[in-house]
Amino acid sequence: MNRVSSMLPMARTLLGVALALAVLAALTSCSLDASGDDESGGGESAGGEAKEFKAEMDSLARELLPDLVEAIGSRPEELEARFIERGGFGVWDYQAGSTWEVKGEPRLDKVEQVLTDHGMPVERPGTTSDITATQGNVRVSVSWDEGAAISTATLEFNTLDAAGGDDEYAEQAPPTDYLGFLR
Amino acid sequence: MTTIHVPARVGPIDPLQASKTASSFASALRGCATAVSDVTSWTRAHGVPANWSGNAADAADHAMTIFARDCDAMTAALEKATTACDVYADQVVQLHEDRDQLVTDRVDLNKAIDDLIADIEGADASQTEPLQARADRLKERVDHLVERIDTFWKRVERAEDRVIAALTSVDTVGEGAKAATGKGRVDTAALKDELAGLGDDADAVNDWWKDLSPAEREALKISDPDLVGNTNGIPTGDRDESNRTSLARDLDRLRNVPEDELSTEEKELLKRAEAAEDALALPGSDKDRNTGEPVDVNLLVYQPAAFDGDGAVAVSYGDPDTADNTAVIVPGITNDGSTIVGNAEDAYRLFDEANQKGDSMATIAWMGYDAPSVNPADAWDTPEEIWDMGSVITEDKAEAGGLLLSQFVDGLRATDEGERSHLSVIGHSYGSTTAANAAHDHGLHADSLTLIGSPGASGGVHDVSDLGMPEGKVYVGSADNDFVTWLGREGDVGMGEDPAQKDFGAKVFPVDPGPEFHADDIGQGIENHTSYFNPDSTSLANLTEIVQGDEPQVVEGREKDANDYAFDWVKDEVTYQVEKEIETTKEEIKDSWDKGTDWVGDRYDDFSGLWR
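Residue numbers (our numbering), protein chains in the order written: chain L, 1 to 183; chain F, 184 to 795.
Everything labelled a hint here was simulated from the structure, so no lab data went into it.
Quick caveat: nothing in here was measured; it's all calculated off a predicted structure.
One should not assume that every hint holds.
[What the hints assert, rightly or not] Below, computed lysine-lysine pairings styled on DSS-like, alpha-carbon distance capped at 27 Å:
1) F:K778 <-> F:K763
2) F:K685 <-> F:K656
3) F:K754 <-> F:K769
4) F:K361 <-> F:K375
5) F:K375 <-> F:K393
6) F:K294 <-> L:K103
7) F:K203 <-> F:K393
8) L:K103 <-> F:K763
9) F:K375 <-> L:K51
Make the full structure from the sequences, and use the hints.
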């Protein structure tokens, strides 16, 4: 083991303590401090998390969407997945959603059946939606709402964990048209 | 045989040729008018370069004067045309509504006629008299409806005639020049002076604006879209049109310059303009379930160069002037004009949740103040970031922002139409300190104040009574694992009391606590701080109740001091990091030992081989 590598454990310890103390320092100065980290989460070197999350959600949407849209009984006019940054924190949610007019009775039983058939545990109702189902890091939710003028269905795909560190990739990734997944 | 005279069914009503999107033509025309107006102003302000002299300079000066005059003639012509188109666009919207009503009435009336015919077919002679009476009443209704339809088409014709007459009155340069110098030309400089004299009184601004003629309003929107678009008290529709004109102007100018020729400032400006454009486009083709129309999106603030280039922007989903419920969301640190899309996403999600039950909603992502725009991940990279982070330590920006927020809310109150809108302000992170400052220092004319992820409810605020809000209308949501909520403290240092404390007296609503995190996963800590609007979260459900004017779930406030959360975390974290490193070191020593014994073993094998 060379001298540099032998110092790494100590450096990491010091960094960990330093980060902890940074929060303490924030208390005394009331700074909203949170330093860039070096290993995961918010650091630029996290590498590939955004890409990985996108691949996971796109793959699920490709598989699920045709059946889901058939169950709902009509298709949205647009459904594009894109990265959206939370404030300026460098953490990115990947999501797609659409609200469109629907006619007739809610077809939530059919939606639930599709999600179950695809092996997704279903929660009905979700906290703010009628149905949610998760698989890995992806949540799918469907709501059926009556307004004063029309009834609408809302379909959303979103990642549960936000991707950190991949600012450049997330910022530059073009939107993915999920309607292209429909038969 | 007895005859009953039944009126004929009313024939179909022709569709209107003019689309409800006629306003987009007026917007495009306004954009052209502003562009020409800008050229006029520039030409008049600059003239020929100062170091030019002689006949050529005189000729150039003369040419520029002529050019400026012609541009002004075009501006005057476009002002008149835009005013006419704008008025026409409003009329078209009204005409569409009126036609829809006529169609509904026609369907009802024809059904009544069909029902009468069916009754007649099954009736005997003794029923002739009452049936004829019904038929007579229906005949009166038919005559009345036919008359209304006739009047309707005459109104359509008059509206078209007026806009055509206005357009043809300024379709030559000569007519434009006449419009420019004629008595009816609006003196925009005088209007600006009048507006400046009203100061920050949003009610007075609103009254003054409503008293202007359509031509005066249009002229000001063309000559000074930045002023009209960002003045509190001017109605939402006019602010939106003006700010979209400014936005289109910036995008058009900056996108036509090759990227490598843009200055750093221009690149930043383009970034902010594109962020505003993206925020406006967020709902895509989504339909508003209360109107059945595309979601109404309004650009209420657009100042991409404000605050030394950080930019100010506010986007509203729904129209706050007419909505039953309105919510203003105030973001905190790390935000500036370039991050509006993330703030807008939160606002739009809340809009979608709350725009139900027949109650219309408007949610506004308001990045209208200079938040400390530091990204913690970059904090140590550049001196500028550290300098800006330094501003988080103090409340200066929250105090300045509090005044701006208070004025913005006053503007919403002034432009509110019909029944008073239920208005909520939600401050997140440093935005909660800003909102609390607005309430404490300036008076916040909202129906409720909600503080989420708050580092402190601002100095001088000891409990909920210091905020001056209606009783029981201060709400607080604090995730236990949101490290920003561990910062609240009373005293000279910091940003004031933790509003989630039980003795602060606010209504604390439950939010998901978020996973525990370690210093080497600060990203999780940031996620915990930015999860209050997450889809399907407890926090979003409670915020939805609040902005609809209902009560959220309420839990007991914190009894453990905010700072103690942090001290406990630091204590646990030091232990965790040391234990982790001991484990890692043990593993590395073991690896080295294993590798060393392997090396010795290999050498033994080598030597043994030599002797074989």
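Between F:K375 and F:K393, does the CA-CA distance stay at or below 27 Å? Between F:K375 and F:K393 the Cα gap is close to 15 Å, so the pair holds against 27 Å.
Assess, step by step, whether the Cα of F:K294 is no farther than 27 Å from the Cα of L:K103, and give holds or violated. With Cα atoms ~24 Å apart, F:K294 and L:K103 stay inside 27 Å; holds.
Within a Cα-Cα threshold of 27 Å, do F:K361 and F:K375 meet the stated pairing? 23 Å, holds
Are the Cα atoms of L:K103 and F:K763 separated by 27 Å or less? Given that 27 Å is the threshold and the Cα spacing comes to 58 Å, the pair is violated.
When you check the alpha-carbon spacing of F:K685 and F:K656, does it fall within 27 Å? 15 Å, holds
Verify the proposed pairing of F:K754 with F:K769, using a straight-line Cα cut of 27 Å. 23 Å, holds
Distance restraint between F:K203 and F:K393, which requires alpha-carbon spacing of 27 Å or less: 24 Å, holds
Restraint check for F:K778 with F:K763, where alpha carbons must lie at most 27 Å apart: 22 Å, holds
Verify the proposed pairing of F:K375 with L:K51, using a straight-line Cα cut of 27 Å. 51 Å, violated
Taken one by one, the earlier hints fail for this structure at numbers 8 and 9, listed in ascending order.
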